[in-house]
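Each protein sequence line maps, in turn, to chains A and B. Just so you know, we're using the numbering used here here: the first sequence kicks off at 15 and counts up by one. Just so you know, we're using the numbering used here here: the second sequence kicks off at 15 and counts up by one.
Think of the hints as simulated: they come from the structure by calculation, not from any bench. Bear in mind the structure is a predicted one, so any value in this text is a computation, not a measurement. Honestly, I wouldn't trust all of these hints.
Copies of the same chain look alike in the list, so a pair counts if it fits in one copy or across any two.
With a cut-off of at most 30 Å between alpha-carbon atoms, the simulated BS3-like pairs for lysine-lysine come out as follows [to be verified]:
1) 29 / 70
2) 152 / 70
3) 70 / 164
4) 164 / 53
Number of protein chains: 2
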Amino acid sequence: MNYCSHCGSKRLISKIPEGDQLNRIICEDCNFIHYKNPKIIAGCLPIWEDKVLLCKRAIEPHSGLWTLPAGFMENNETLEQAAIRETWEEAQARVESLQLYTIISLPHISQVYIIFRCQLSDLNYAPGIESTQVELFKQDEIPWDTIAFKVIHHSLTHYFQDRLVDNFPVHTGQLTQNH
Amino acid sequence: MNYCSHCGSKRLISKIPEGDQLNRIICEDCNFIHYKNPKIIAGCLPIWEDKVLLCKRAIEPHSGLWTLPAGFMENNETLEQAAIRETWEEAQARVESLQLYTIISLPHISQVYIIFRCQLSDLNYAPGIESTQVELFKQDEIPWDTIAFKVIHHSLTHYFQDRLVDNFPVHTGQLTQNH
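Working from the sequences, and respecting the hints, build out all of it.
Listed below in structure tokens is the structure:
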């Protein structure tokens, strides 16, 4: 942020507003306080029989590596709508029966990942604009060494462990790095 | 947003960027795309024996009404840290044994509420700067008609229902209004 988005001034300073506890970017001309908050990444772990759907990333970061379909939640949608939309955009896949599964805070990059287990509705999937390849993988076929993000590795690991006992509790936690 | 925070231009337009699906605010001078995303409100449902801790709001919206301690998650913290911090700020209360409990999307105001069940660590609570009163309530003492937000009413209702069977699954859902 170089200019105040409210009044256009360049006189932005970082200080703790009265009654607050944290430094904020404040405009010295119009006194507008510019808050910054974490972003939600919503996505799906789509299941078909004993397989999981993964996307090969066409974009950075980690172009060429595999991930679950997930992306930034947009204004005016629900978590479930965001996860379904991202799955459509990245894997052209329709999903159903969403169940909240993993919620992982990534404080170093101010993100919260929220992943839903779900059923793939049919086999009509295909790479969306952010993917070069979309494939179903059995557990022993998962490309564990080329998964794009730790948080996705984490969700997949939980899934295959939980599947052994057919019990899928919601997993919460944090990761201090994602690569 | 009246000015581009990147270059200071007033030439902001709303259009769908190439490869995107939604309208964004874009600067016609520097082409910066200004994304807006939902915010997370993290909070606690603090329990002491058969009672729940509520705060009477000192600030708008809904000054004078009761709520659970909760507020905007900050950058560089985890969900749990945010819920603990908000509980300290609003109720000067220490809590422990946090368990994820309700996750409610409020798409009309682009918020996601994430509430943890937890134990109050001791009885040294007091109103923080955003509260005028902090009290423990048994179920039949809860001021149901003066709860500030629907999403809080919802979480409290789930809690007392779940307590009957001593089983507290994570509840997900959405509300299309909050008052």
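Cross-check of the supplied hints:
| no. | hint | in the structure |
| --- | --- | --- |
| 1 | 29 / 70 | between (43 Å within a copy, 29 Å between copies) |
| 2 | 152 / 70 | within (16 Å within a copy, 53 Å between copies) |
| 3 | 70 / 164 | within (15 Å within a copy, 41 Å between copies) |
| 4 | 164 / 53 | both (17 Å within a copy, 23 Å between copies) |
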